[in-house]
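Given the coordinates of chain F, assemble chain U onto it according to the supplied hints.
These protein sequences, in sequence, are chains F and U. Each residue of the first sequence is one higher than the last, beginning at 1 in this note's numbering. Each residue of the second sequence is one higher than the last, beginning at 1001 in this note's numbering.
Mixed in with the good hints there might be a few duds.
[Unchecked claim] Estimated spans, in silico, between C-beta atoms of each pair:
(1) F:T283 <-> U:K1098: 19 to 29 Å
(2) U:P1080 <-> F:S175: 46 to 56 Å
(3) F:R605 <-> U:T1039: 48 to 58 Å
(4) F:A610 <-> U:G1071: 12 to 22 Å
(5) U:G1071 <-> F:G696: 55 to 65 Å
(6) U:E1101 <-> F:A554: 48 to 58 Å
(7) F:S175 <-> U:G1071: 33 to 43 Å
(8) F:T189 <-> U:G1071: 49 to 59 Å
(9) U:T1106 <-> F:L174: 35 to 45 Å
(10) U:D1107 <-> F:H177: 25 to 35 Å
In case anyone wonders, no lab produced these hints; they're calculated from the structure. Idealized CB from N, CA, C, for every residue including glycine.
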Amino acid sequence: VKTLFAYPDRVSVRPGERLRVMVSSEDESPFDAELIRIRCGDSSPGGAGYKVETVASRANRRYPGRRQAIAAGSHALVPGPFPDLASVTLQAFVMPTTPAKGWQGLLGWWSEPTECGFGLFIDDHGEFLLAVGDGKGAVDVLRAGKPLLARQWYLVSGGYDRESRALVLRQRLLSEHLRLDGDAHVTATAGTAALGRPAVPFSMATILTEGKDGGFTAGAHFNGRIEAPRLANRTLAPEEIEALAAWPPPPALAPAVVAAWDFGIDIPGIRVHDRSPNGLHGTLVNLPTRAVTGHAWTGEVHDWRLAPEQYGAIHFHDDDLYDAGWEASVELTIPDGARGGCYAVRVANAGDESFATFFVRPPKGRTTAPLAFLASTATYTAYVDIQWGAQNQAAEMRMGSATILDPDDVTLYEHPEHGWSAYDLHRDGSPVVYATRLRPCFNWAPKTGLWSFNADTHVTDWLEAKGHAYDVVTDDDLHAEGLAAIAPYRAVVTGAHPEYWSTPMWRAMTAYLRRGGRLMYLGGNGFYWRIAYHRELPGVIEVRRAETGARYWAAEPGEYHMSFTGELGGLWRRVGCPPNRLVGIGTVVTGFDRSSYYRRTEASRDPRVAFMFEGIGAEERIGDFGILGGGAAGLELDAADPALGTPPHALVVARSEAHSYYYLLVPEETLFHHPAINGLECDAVRAEMVFFETPGGGAVFSTGSIAWAGSLAHQGYANNVSRLTDNVVRRFLDPEPF
Amino acid sequence: VGAGNAADPPVAFRASLAGNWRRGREWGGGMYTIDPKRTDLALEFKRNVWGPHSAELQRVLNRMRWEPLKGKFVLVCTKPHAEWKLAELPGERGKPVKVHEDVVFTDLEAAEWEIFKRRWKRITGQDLKVD
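With the rest of the complex left out, here is chain F:
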């Protein structure tokens, strides 16, 4: 049973900088913390071995334990100040996705448990409901009487008139083709003599409960989309409601408007903007999905930047999470002289341990080695707390073996408040487009499965075994600093799976190669998805799985452009920048049962790559061993393709073969599926190892397989995968131009 959870506030720090670690001790027991440097996190039998060292720090001591909770669920809060309202109308376009899940807040100035104020809700009958209360015991509710349909747009409004005590609730189903009676118009006379003024903010997509200390908690989160919410200071006639749904309203209606929120304004941001003169702006909590189509999306425009008025909706989820927001339990300064590398603060009690993993770079303006290891922090972020194995019916079919859940997986499964990864679907079936690391990152840690971060420690382990000094640069650094982050290094080596790349990262790497930099891409499925970082919020990335690619979900039509930047999301290949242009190869295959090996090609005898094959026989199988599936060619494979931009002078020096039934071509390589796309029956199922020279005397070496690094440590690093990689590293660090 997991009792300890931890995460750091930063992923990239330098000596002398501060790091905060958030810890929750579920049973409130004390825990010990220690700073460790990680050479290798592979604790599997027959693997490279778990190799960490404790780093002296004043933070290494016992701490009192405290339970810290996670409050998932996105919503909007508008602090006000709101004017005194005798009468009101609330209205919005609403598309519920789980109308039957129970109580959900839509919009209103309402607080529990005092039942004070006014609000529109979805009730436990799956219907719209209007509630008004004076906060002193008088409460009136009015239910629409028509159960809502999931994924249909409605225009809903609720009004209260103090003079007549009239309550009115209207809903109109916007669908033109459904032969359904989805409209409702109900009225009642209220007992409530006056609207209360709650001590909480106006809220959307949640119901707020007042705390004892003036605070509040958010619950009963709404799943679905809200667009164009309005607040008026009197009851409105049906034609006025329709008129107010647009903006600006007719002049006669303007005096009635208290607030008119337009979610089409500043879609990359986390504010909700009020178009009325009252300026009742609000803030979004837990990153609901923006840049989603609204009720009036025509299908003509797919880029929200060109028609923000068609993207005036926000999709809220009761399981959205951006930042667990825990208080720091451990604070430390990275020691001066700390060697660069992968680090963690390990926290442990009698029965459990957790890791807050991060990376240490050299002091600013300095390097300690000519080689940089590029830690794929964007990819680690995308995979944080992935639930795919237990959430996707196809998981076992892809693995070719029963799904294994470790205690972390079970904990995550049973505790949805930890949120999702960018591989998962929200509870309402919509895709998780934002991935955050500001929460316990179960699988961004040593001793976990050999994927993502932990598999990349095979590279750092091998570099240290072979005595190749290296500095660490993270994706986050490359994104923020561009070329400057890697320019000082003669060569850059990636991990096993540098899958997610932002545009600034891509540009930085392109510029690096253009000026003579050398890149060793020791992996597969790299440079695959285009992502965006947020302009204000740290620790979160966005991915839209558009049109094609090996996908776990598909973005909705019209929602291929990222909200953070407006850029077209999806595969870099579909953006017009196939990875083949950058590293000579691109993804062709995925498979997860057993790995295979490479054979040298005729081109490997070319004198240009003689350095690479020193000590390796012409007929040797390369990598018919390894901890990842038993071979160096496995999991996800890349191959050359001149049509996609593999440089004409690139040499395919080795090619894998003999892949299994579970190795399948990716969708973008098959187009019209047929049964023979597997390793037993299709010769396109292979990895290709590529080398080519770049302008300025640099070069690129790409292995094209995620499993490659899992073979490096075999037989005490004395093997042909290690030898070949070492040959490349030595030559790539040699200043002699290619």
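Positioned in the frame of chain F, the structure of chain U alone reads:
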């Protein structure tokens, strides 16, 4: 199918569809059915859990592995790299994973075989009896 409408497809297309339909009937109307008499396939799996497998056994495995998430057999690791227990997914996150505390494995081949036998029973309705 660009020419004509669906109600009146070209003759050649109609003929090819008919061919597919015939074949579908031969297969028992679509979804592959596990023949409980084919215990030879079960033995093949028991002897070679990780494959590669014969085409017929692969069909059996595909049918078994495409098990719905509600009630799907999985393994829960109880000692890292050393011990696993049979479990069933509830099909909805937030609900407890049902762990069969008394069905414990110390090697994954035995676990795969146990799941195979249980799915055989689920799908064919018959106990799998092989040596």
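Hint check results:
1. Between T283 of chain F and K1098 of chain U the Cβ separation comes to about 41 Å, which falls outside the hinted range of 19 to 29 Å.
2. One distance hint, 46 to 56 Å for the beta-carbon pair P1080 of chain U and S175 of chain F, holds here, with the actual separation near 53 Å.
3. Taking 48 to 58 Å as the suggested C-beta distance range, the pair R605 of chain F and T1039 of chain U conforms, at roughly 52 Å.
4. Checked against the hint of 12 to 22 Å, the pair A610 of chain F and G1071 of chain U fails, with Cβ atoms roughly 58 Å apart.
5. A beta carbon spacing of about 59 Å between G1071 of chain U and G696 of chain F agrees with the range 55 to 65 Å that was offered as a hint.
6. For the hinted restraint 48 to 58 Å between E1101 of chain U and A554 of chain F, the CB-CB distance of approximately 39 Å leaves it violated.
7. About 35 Å separates the C-beta atoms of S175 of chain F and G1071 of chain U, a value consistent with the hinted range of 33 to 43 Å.
8. As the Cβ distance of T189 of chain F to G1071 of chain U is approximately 51 Å, the hint placing it in 49 to 59 Å holds.
9. In this structure the hint that T1106 of chain U and L174 of chain F lie 35 to 45 Å apart at CB is violated, the actual value being about 59 Å.
10. One distance hint, 25 to 35 Å for the beta-carbon pair D1107 of chain U and H177 of chain F, is violated here, with the actual separation near 57 Å.
Taken one by one, the earlier hints fail for this structure at numbers 1, 4, 6, 9 and 10, listed in ascending order.
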